[in-house]
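With the hints as constraints, model all of the structure from the sequences given.
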Amino acid sequence: MKKLLLTAYGFSTPTIGAVALKMIHKNKVTKACIISTSWPKEKEKHPQMNQIKNDLIDMNVTKVDFLDVEFEDAKKLYDYDLIFLNGGYPFYLLHFLKKSGADRILKEKFRSGSLIFGLSAGSIVMGPSINLMQYLYPEDNQFNDVDLTGLNLTHLQIYPHFKEMLTRDATIKEKITEYENKTEIHITRLNNNKAVKIDNDTLTFLG
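Take the sequence shown: its position 5, counting from 1, is numbered 5 in this note's numbering, and each next residue is one higher.
Keep in mind that the hints were calculated from the coordinates and are not lab data.
There may be inaccurate statements among the hints.
[As the list claims (entries may be wrong)] No farther apart than 30 Å at their CA atoms in a straight line, the calculated lysine-lysine pairs in the BS3-like style are these: (1) K175 x K75; (2) K175 x K197; (3) K28 x K2; (4) K175 x K31; (5) K22 x K41; (6) K197 x K163; (7) K43 x K22; (8) K99 x K197; (9) K75 x K109.
This is the structure in structure tokens:
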């Protein structure tokens with residue numbers, strides 16, 4: 001069983017929260033780990049991190065820990081039933097997932113049926129690549145990484161906060177469409193009230 005929940009903004013609606021809760025209960029999750037690496041400076045102190053932790057506790061997850069794979073041993077991930085890849089900077093997150101070996105562990109846990117949830121950058125890196133981010137925001141690739149292959153847990157390539165980003169950059173719609181035309185790769189646009197549940201080969205769009 002392969003189970004993912006890809007979100008733009010976490011458990012942002014009652015529907016998304018209810019689906020997450022059902023997945024957690026069905027899989028008898030007692031221990032969850034939030035990977036905090038995606039915010040280079042704030043880490044687990046970022047308000048988003050604590051919001052997710054509180055949400056998981058409210059879903060009756062007994063133990064919820066943070067893990068920063070930039071500095072901590074990625075093998076600790078083996079101890080958890082649910083891994084939550086939080087939002088932030090996708091280049092930074094993917095760089096240290098690979099450097100630490102967390103990418104291999106996440107693939108193992110995914111194949112064995114562990115739940116993996118993502119928020120924004122966390123959802124992006126679960127796809128085949130983050131080449132779209134390089135196309136849109138090359139300045140964020142601070143390590144100048146050339147291999148932008150993602151975790152390949154899903155074929156979906158996510159662009160989160162789509163509607164919200166239109167208020168910041170009116171050209172983002174055209175830029176993404178241009179990328180799709182050049183690469184023949186479909187981009188799944190997720191607004192903050194949207195998510196995708198993946199259960200083996202079944203995709204359910206929420207919101």
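### Task
Tell me, in ascending order, the numbers of any earlier hints that this structure violates.
As far as the earlier hints go, 1, 4 and 5 are violated by this structure, in ascending order.
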